[in-house]
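Asker: Protein sequence lines correspond, in order, to chains X and P. Using this note's numbering, the first residue of the first sequence is number 57, and each one after it goes up by one. Using this note's numbering, the first residue of the second sequence is number 57, and each one after it goes up by one.
Since the hints were derived computationally from the structure, they do not count as laboratory data. Just so it is clear, CB atoms sit at the ideal spot from N, CA and C, and this is done for glycine as well. Do not take every clue at face value.
[Unchecked claim] If the Cβ cut is set under 10 angstroms, some of the chain P residues that face chain X in the computed set are: (1) Asn102; (2) Leu118; (3) Ala124; (4) Leu131; (5) Arg132; (6) Val139; (7) Gly161; (8) Leu199; (9) Leu210; (10) Asp220; (11) Arg261; (12) Cys370; (13) His372; (14) Pro373; (15) Ala489; (16) Arg490.
There are 2 protein chains.
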Amino acid sequence: MSGRRHSMTTTQKHRVVVVGGGFAGLQVVRGLRREPVEVTLIDRQNFTLFQPLVYQVATGALSPAEVAVPQRSLLRRQSNARVLLAEVVGFDLDARQVSIEPRAGDPRRSTVDYDTLVVAGGAHYSYFGHEEWQAHAPELKSLDGALEIRSRILSAFEAAELTDDDRLRQEWLTFVVVGGGPTGVEMAGQIAELGHDALRRDFRRVDTDRTQVLLVEASNRLLPSFPPTLSAKAKRALEQLGVTPLVGHTVVDVDDTGVAIRRPDAANERVGTRTAVWAAGVAASDLAGELAHEARLDTDRAGRIPVQPDLTLCSHPEVFAIGDMARVQAAGADAPLPGLAPVAIQEGRYVARAIRARLAHRRPRPFRYRDKGNLATIGRSRAVAEIKGVKLAGFVAWTIWLLVHVFYLAGFQNRLLVVLRWTASFLTRGRGARLIVPTQAASLPAQVTLERRDAA
Amino acid sequence: MSGRRHSMTTTQKHRVVVVGGGFAGLQVVRGLRREPVEVTLIDRQNFTLFQPLVYQVATGALSPAEVAVPQRSLLRRQSNARVLLAEVVGFDLDARQVSIEPRAGDPRRSTVDYDTLVVAGGAHYSYFGHEEWQAHAPELKSLDGALEIRSRILSAFEAAELTDDDRLRQEWLTFVVVGGGPTGVEMAGQIAELGHDALRRDFRRVDTDRTQVLLVEASNRLLPSFPPTLSAKAKRALEQLGVTPLVGHTVVDVDDTGVAIRRPDAANERVGTRTAVWAAGVAASDLAGELAHEARLDTDRAGRIPVQPDLTLCSHPEVFAIGDMARVQAAGADAPLPGLAPVAIQEGRYVARAIRARLAHRRPRPFRYRDKGNLATIGRSRAVAEIKGVKLAGFVAWTIWLLVHVFYLAGFQNRLLVVLRWTASFLTRGRGARLIVPTQAASLPAQVTLERRDAA
Numbered sequence: 057m058s059g060r061r062h063s064m065t066t067t068q069k070h071r072v073v074v075v076g077g078g079f080a081g082l083q084v085v086r087g088l089r090r091e092p093v094e095v096t097l098i099d100r101q102n103f104t105l106f107q108p109l110v111y112q113v114a115t116g117a118l119s120p121a122e123v124a125v126p127q128r129s130l131l132r133r134q135s136n137a138r139v140l141l142a143e144v145v146g147f148d149l150d151a152r153q154v155s156i157e158p159r160a161g162d163p164r165r166s167t168v169d170y171d172t173l174v175v176a177g178g179a180h181y182s183y184f185g186h187e188e189w190q191a192h193a194p195e196l197k198s199l200d201g202a203l204e205i206r207s208r209i210l211s212a213f214e215a216a217e218l219t220d221d222d223r224l225r226q227e228w229l230t231f232v233v234v235g236g237g238p239t240g241v242e243m244a245g246q247i248a249e250l251g252h253d254a255l256r257r258d259f260r261r262v263d264t265d266r267t268q269v270l271l272v273e274a275s276n277r278l279l280p281s282f283p284p285t286l287s288a289k290a291k292r293a294l295e296q297l298g299v300t301p302l303v304g305h306t307v308v309d310v311d312d313t314g315v316a317i318r319r320p321d322a323a324n325e326r327v328g329t330r331t332a333v334w335a336a337g338v339a340a341s342d343l344a345g346e347l348a349h350e351a352r353l354d355t356d357r358a359g360r361i362p363v364q365p366d367l368t369l370c371s372h373p374e375v376f377a378i379g380d381m382a383r384v385q386a387a388g389a390d391a392p393l394p395g396l397a398p399v400a401i402q403e404g405r406y407v408a409r410a411i412r413a414r415l416a417h418r419r420p421r422p423f424r425y426r427d428k429g430n431l432a433t434i435g436r437s438r439a440v441a442e443i444k445g446v447k448l449a450g451f452v453a454w455t456i457w458l459l460v461h462v463f464y465l466a467g468f469q470n471r472l473l474v475v476l477r478w479t480a481s482f483l484t485r486g487r488g489a490r491l492i493v494p495t496q497a498a499s500l501p502a503q504v505t506l507e508r509r510d511a512a
Numbered sequence: 057m058s059g060r061r062h063s064m065t066t067t068q069k070h071r072v073v074v075v076g077g078g079f080a081g082l083q084v085v086r087g088l089r090r091e092p093v094e095v096t097l098i099d100r101q102n103f104t105l106f107q108p109l110v111y112q113v114a115t116g117a118l119s120p121a122e123v124a125v126p127q128r129s130l131l132r133r134q135s136n137a138r139v140l141l142a143e144v145v146g147f148d149l150d151a152r153q154v155s156i157e158p159r160a161g162d163p164r165r166s167t168v169d170y171d172t173l174v175v176a177g178g179a180h181y182s183y184f185g186h187e188e189w190q191a192h193a194p195e196l197k198s199l200d201g202a203l204e205i206r207s208r209i210l211s212a213f214e215a216a217e218l219t220d221d222d223r224l225r226q227e228w229l230t231f232v233v234v235g236g237g238p239t240g241v242e243m244a245g246q247i248a249e250l251g252h253d254a255l256r257r258d259f260r261r262v263d264t265d266r267t268q269v270l271l272v273e274a275s276n277r278l279l280p281s282f283p284p285t286l287s288a289k290a291k292r293a294l295e296q297l298g299v300t301p302l303v304g305h306t307v308v309d310v311d312d313t314g315v316a317i318r319r320p321d322a323a324n325e326r327v328g329t330r331t332a333v334w335a336a337g338v339a340a341s342d343l344a345g346e347l348a349h350e351a352r353l354d355t356d357r358a359g360r361i362p363v364q365p366d367l368t369l370c371s372h373p374e375v376f377a378i379g380d381m382a383r384v385q386a387a388g389a390d391a392p393l394p395g396l397a398p399v400a401i402q403e404g405r406y407v408a409r410a411i412r413a414r415l416a417h418r419r420p421r422p423f424r425y426r427d428k429g430n431l432a433t434i435g436r437s438r439a440v441a442e443i444k445g446v447k448l449a450g451f452v453a454w455t456i457w458l459l460v461h462v463f464y465l466a467g468f469q470n471r472l473l474v475v476l477r478w479t480a481s482f483l484t485r486g487r488g489a490r491l492i493v494p495t496q497a498a499s500l501p502a503q504v505t506l507e508r509r510d511a512a
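The following block holds chain X by itself, in its conformation from the complex (with noise of 0.2 angstroms):
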């Protein structure tokens, strides 16, 4: 560690560090644009995605600005916050820093000390152990796995129009989605639309109406965090969708050429298919597990950091840890907090109270999480939604989300666009973002492209 240490002024004002600029560390910094500190962000990626529509970069139907926006624009006005493009490489709780390495220019490391720490390091899918299937079913989170998977997908439709065998094009035409939480059952949908409706008339010697969709899951139904009625009903609007969703199977090997897959009666199956998506499996960013072992914790089977009623860690009450690589235990709950865009938003709002209390020599209340709804999105004007305690389906469902995701949408300047080209893709049935660009994630050894993921 080099002796260079960062700091914006030589004031005393109270410094606080937020690492990881996703919803819940953002939620932190703005939360605090009023208070007499220095807040300094610090992000290995320069934008901020918004998780929940990242599935529609991956089907060509949002470019990726309109999912993304940079930090920097959204702080622009707040004085009291920078924004550092560094890798956070280690926590050091007793003298109160953080060490880094910037992600532009020159690598050597420095620290940044700070009197308040909040760690949202987000998390990723987790391929069960088996980071080699990464590379034949690239994971639908991060942006650039999105573009990926968008090249694969075009690509596999490019693939079956070129071939003249005909076991070869239905491989081609085949499509595993694995996971059937939100974003499988999300993506399955847009694949199945995509080839059944978009780019049916796009191709002259291939059908593409007879694109095959699977949607694994192992629990025995899918969107498992939803009323069982719902997911009965989310299962009938994807089957007409042409969907096939496979419930109670497990996946046992992924390669270039196919998927097997473990039926509810454990036998084997292998499916030829050529293009595979992941949406499976949870695992906490490395900084989780980083905090816990410099703070004599032990993280959960997800590799989450176990936190306090008020968010901060056991014996270190100067440090936060939220969002997705938290384990929060809501008072009287049985399963800790799930690791959804709300809870986040709340957790980052709530530290953003905290201090601000503590600040004013207040005792900060414990957070308590107010649980305003479920929704997914199943298609063209679907969905399923609970809205405390009120099942929806169908239409109605499908606007409440539509019209809760504008609203959320991170980057004010990027709604009206986003609205725009959804009316566009809703009535012309089209995608806008059709283009196979090379990305990196392609070349790339699976190691890289997990540590790339974390503090998104």
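The hints should help you fit chain P onto chain X, whose structure is shown.
Answerer: Showing chain P alone in chain X's frame:
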């Protein structure tokens, strides 16, 4: 070469094969939409790039999908046309066959038969025999190149923010654009605007107003294809934006820490910079050389293939060569036609008319280029224009530039979005698509990247 052949039907319709789906090739295909022919468009990319606006992707003002439109979308309603995503690897003019290698799926080669062949493989920037410079100074012509440049420019400002070393900071804030044609002029102006205007409030430590942009042009004035008075106006406008034009200067070396430049007094000077952009020299697609070799013709210094007044090859009236890879000598003119979008578009339209005439057993008249004018933009609300001898500069020229570019934008569904984003960008002085996303270009050897660009 395998025995497989791609043919659409078994009828005896006249088969037109168009190689390259840029401005020229696309006009041929579109111009034949009502004819009783079978058209096959072969391209190694799945999109047509609106090249005059690619530099706007490099500065984050536009998203890739706003300057690139999938050919399948454009040709969706043209039932006599099909698209093959493949690379042309050879011509057999005697057998009237094109050899192709699919760009997706099974890479086995096959052949496509033609009655009329149109080759429009385009051109790329040349590094004057120093392909090793490309790693340090990516080209500003392909979408890949533009995305790589975008990442580098944005990362340079991030690196300047992160460093404590004043000398290094100024190197990160120094940008060298090589080539003083319209693309280089537009790019230099936009980088200066980024530093002096759009990004100013985004950073805390670094003063982006210290951004230095050098524009290196070997000939004795900028925009050599424009009248000297407009070159002088462009130079003044650039200087006002903070660009330093270096006319009569030649780049003699490029590496990762700087560019060596030969001054008009023949002395060499080294400029410390971490970000160089290449927009100089012209080299025709390798397809021009292959076609020339097969037809026993010699290419010119820029690698272009010479064509007859009707744009066919000498001794091969069934083969047309058009666009940037063809050397078209207008009757009575000293120099061949320049590699501009309007030239390519008019050549493409002419070839469609010529094919129609031949099918009607009429003899097509020779090609005549109608010079409708020359436009280059310099920054927000400045441009130079020469339209039928009338010279314009400033806001009027810029308005014409804007209208012409919006009008010609290939993807009609994108027009409204581009106008909206430009309006937003103009009003807010912001940049919408400022994302640092790793591209494959960075990790590819120069040769592969060069190759990939040809048939765009």
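Asker: List, from low to high, the hint numbers that the structure doesn't satisfy.
Answerer: 12, 13, 14
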